[in-house]
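**Student:** Sequence:
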Amino acid sequence: MHVRVLRAALLFAVSAGAMAATAAQAQDAKPAQDSAPAQDAQPTTDTAEETPAEQVGNYTDSKGNNITVNGVRASLERAERVKRDSAVMVDGISADEMGQLPDASMTEAILTVPGIDVNGNGALSARGLGRDFVNQEINGRIVPSPQPGLRAVQTGSFPSQGLSGLFLQKTPDSSTIEGGSGGTVLIQTIHPLETKQRGLQVLVRGYTNTNSAMLSKANDYANVAPRISATWVGKLGDNLGIALTYERVSEYKTNIWNQGAGWSFDTATTAATRLRNDVNKDGRRDSLPIALGEQVGADSDYRNAALGMIQWDVTPSLRLSLDGIYNVDHLKNSDRTFTATGINVGTNGAPVSGTVNEFDTVVAMNAPVTTYRGNLDFQDQKDTTFGGGLNIAFNDGGRISFKADASYYKSFRRGSVRNFVFDLDSTATTVATIPKVPFSYDISNPYHSVYNFQAFTADDFALSSGSIGTPRIDDTIKALRGDFKYRVSDDSLLRAIVFGVRVDERHKTARQNTLNYTFGQALLPNGTRAAANPNLRPDLDSSFLELPTNPLAGRNPYVSGTNTGSFPWYNIDKIAALITSPNTNIVQAPAQITGYIDDTENTFALYASALFEKGILSGSVGTRYVLTDAKIQGLQGNVTSSSLVTYGSSYGYWLPQLNAKLQLTRTFDVRLGLTKTLTRPLFTDTTVGSNFNPVTALSQGRATINSGNPNLKPYTSKGIDLAVEWFPSRSTSMTLNGFVRFVSGFTQDVQTVGTVQVGDVVLPAIITQPFNNPNVVRFGGTEFTVRQQFSFLPGFLKNIGVQANWQHSFTNATATRAGLTQAADVTLPAIPAVIGLPGGFSKDIVNAQIFYGDDKLQLRANYRYSTPLYNLGVPDGTMNLTASYKVFRNLRILASATNVLFYNGDYRFVEDNRVPADGYTRNQSMLMGIRNQGKVIQFGFNVSF
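In this note's numbering, the protein residues as written are 50 to 994.
Some hints here could point you the wrong way.
[Unchecked claim] Pair by pair, the computed Cβ-Cβ distance ranges are:
id: 1; residue 1: Val895; residue 2: Val992; range: 48 to 58 angstroms
id: 2; residue 1: Val799; residue 2: Asp588; range: 27 to 37 angstroms
id: 3; residue 1: Lys459; residue 2: Asn288; range: 44 to 54 angstroms
id: 4; residue 1: Phe443; residue 2: Val799; range: 47 to 57 angstroms
id: 5; residue 1: Gly531; residue 2: Tyr375; range: 43 to 53 angstroms
id: 6; residue 1: Ser366; residue 2: Asp540; range: 16 to 26 angstroms
Just so you know, the hints here were simulated from the structure itself, not pulled from any lab data. For each residue, glycine too, the CB sits at the ideal point set by N, CA and C.
Produce the complete structure using the sequences and hints provided.
**Tutor:** Below you can see the structure in the form of structure tokens.
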């Protein structure tokens, strides 16, 4: 690395020296105020020293009337001003008014920003690119992630109070930390010397989910959860400021799924039996689900967070800022699934009856199934993130200014994960001779499914398998950064030179520590296990129940049918005690090998750029050089024998950037961005581990091997952005943005066929491994945003405003989700792979809000709609209502409701991957499940002192 660092430093020094020499020839003798575009890593919305003409909050209209702007309108105007003044393309919200109209979380707040979408776990996607393409920074620093194998951060777990702004930086400049090909989410905490906010604000709310009452007794939580936060901002003298925030959030959620899994053809392998599941007898195979049924998820989430900043002006030109955050998110999650399983198994025989749609998909069927199966999944995990940094800024009004920043952040996860599977009892001697049980379904109406089960009780089931794990994930980032600015002249084209350096170390570790348990294999005298026998599985009865009756029975409006929702509500602790059964077979989980991560990344980055301005033209041009050395450790082998191995990886990239703005008139701007960015591969994809289960491989006659690739390189993305912006008045704005990204090195999973030796037996093996695809994948889209305040209307109507934005995205990538695919045939020389579509891709995103605001009353209705491809979506969109009323000078009442007007569920699609050459008509997507999330209502008050 050292030779490459020295070479890059030398090139950097020569480039910077040449730029400085050019600047020296062009500079004016007299110092002047810098009027070049701001090049800070983040836009700033805290405005302590504004000229009266610039203030957002008080101004005079065309008739000479003094107008006070507050609430949503003031927040939008601040964010809009940041957008217009920024040298890069950026959108966001100012959070100064969040105390008057508080959003439920940081995720909910930023969802109004054009181009932002979110998955169910709070991970953000941007401009059609998934969470893996989005950087998230807090006060200009990368945030680590407690999630195993990922870099993305779940913003829903971070506090929403104590913030001054949330922004999406859409085009980087050379100073932007590399990694966000889709964009960089900038989180700003309150800077006490840079804001006019003063005093103490206390926010108290009660939170309820309409589904919670249904399962509150089963999950031991109340129907209403408390939320409280307190923020204090003060100045101690003229040169010392402090901002502190504490937030305690409790949240209970219940989700009810209409659950499907694994649509596929029958598993018959010979031509004689391949048409066994030809339901409509047209000579073509029909697609059937592996399982159908119901899933109930219950979450209880407790979050404690503290964040703050101290700023001290040591001298008029030297400012020290010390900030920190401590966030603990304790999540308990339970998922109970009950399904009819083995619907698509060819040996079931022809269905008694069935309905097939135009895509050869069986949407209704009456036929025997293998078994009724229940899954119990429980997670109890605590995610902790803490850290902060010291920033030193010097600016004496002269030609040279600088900032130095040192930071340390750490995230870690501790907890336990338990999963158990129970099936119907059997008197058979082998699995193959288990008697089939009747089942029928009708999902022709995707929003109301009908399942008819045979009657069952707690005594009808036996425990078949399980797993217990204690994951440990740690992610630490240490960074040093220096940014320098040399101001040249206010008259020449070249206004300033900025350059800087950043070094950081990131260390990510993950240990799954999981054991799998299988039941029904007797221990033989020679120490080996006999063949699986269902009669040896631990029997379950009513003594294992947590509740005598299922609290869900008859209470799901989206699923109906005989005995639906009446499955036994077992106690997970009592079932876990059965792992001591003498017929238990304990096996090391494959996840302990593939999930073993110990990666250290050392990154060195240099950048330099020139700020230019002449007449109507302004902007910046520069480049960034990034060099990363990685040490990747992992386990390799099988589930009974593995060894620790180490790989080294190194890569370096030049990332040129150009951002230019033409201010054609006082109110009309045109922007151009030409950029190159990179996105590092996931830790999951670079794992060393490859594994297989030798016992399973011998029983199946083949091995399935999943492997990482420590030699993966980053994706690189070349981007073009073009935007037009029109700001005719403070009350009106309109922007149109088009963009395209050409991504190279996109990670894809490639399956090949090989062999593996188990003892003296050589077995065929299907090997799956990620590789960098050399082909270029194209992503792009358009964004349109409009805002209008009706200040010209009489009376109270002048306080009404609207804002709306729409993003349409496109891509030539294709999805690679498991769907309507045939079973892999190991006799093939290779199984072709396609480029994978990143999770979170959304084709269309629409946000529209109408708001009303005066000194006392603040109202907002926000509608959101997105159309994701092969992912989660909400069919009718969501409508969030918020209101606040100032009772006294320092007391404001707050209320909000989420999705009270529309259907409050979402759906999950899976792509139809059948081979077109087989003559099947491709379905756009298959509905895999629909979830009723419930409606969320909050009520509380905000008091300030």
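**Student:** Evaluate each hint against the coordinates.
**Tutor:** Taking the hints in turn, this is what the structure says about them:
no.	hint	verdict
1	Val895 x Val992: 48 to 58 angstroms	36 angstroms, violated
2	Val799 x Asp588: 27 to 37 angstroms	45 angstroms, violated
3	Lys459 x Asn288: 44 to 54 angstroms	31 angstroms, violated
4	Phe443 x Val799: 47 to 57 angstroms	52 angstroms, holds
5	Gly531 x Tyr375: 43 to 53 angstroms	27 angstroms, violated
6	Ser366 x Asp540: 16 to 26 angstroms	24 angstroms, holds
Checked against the numbered hints above, the structure breaks hints 1, 2, 3, 5 and satisfies the rest.
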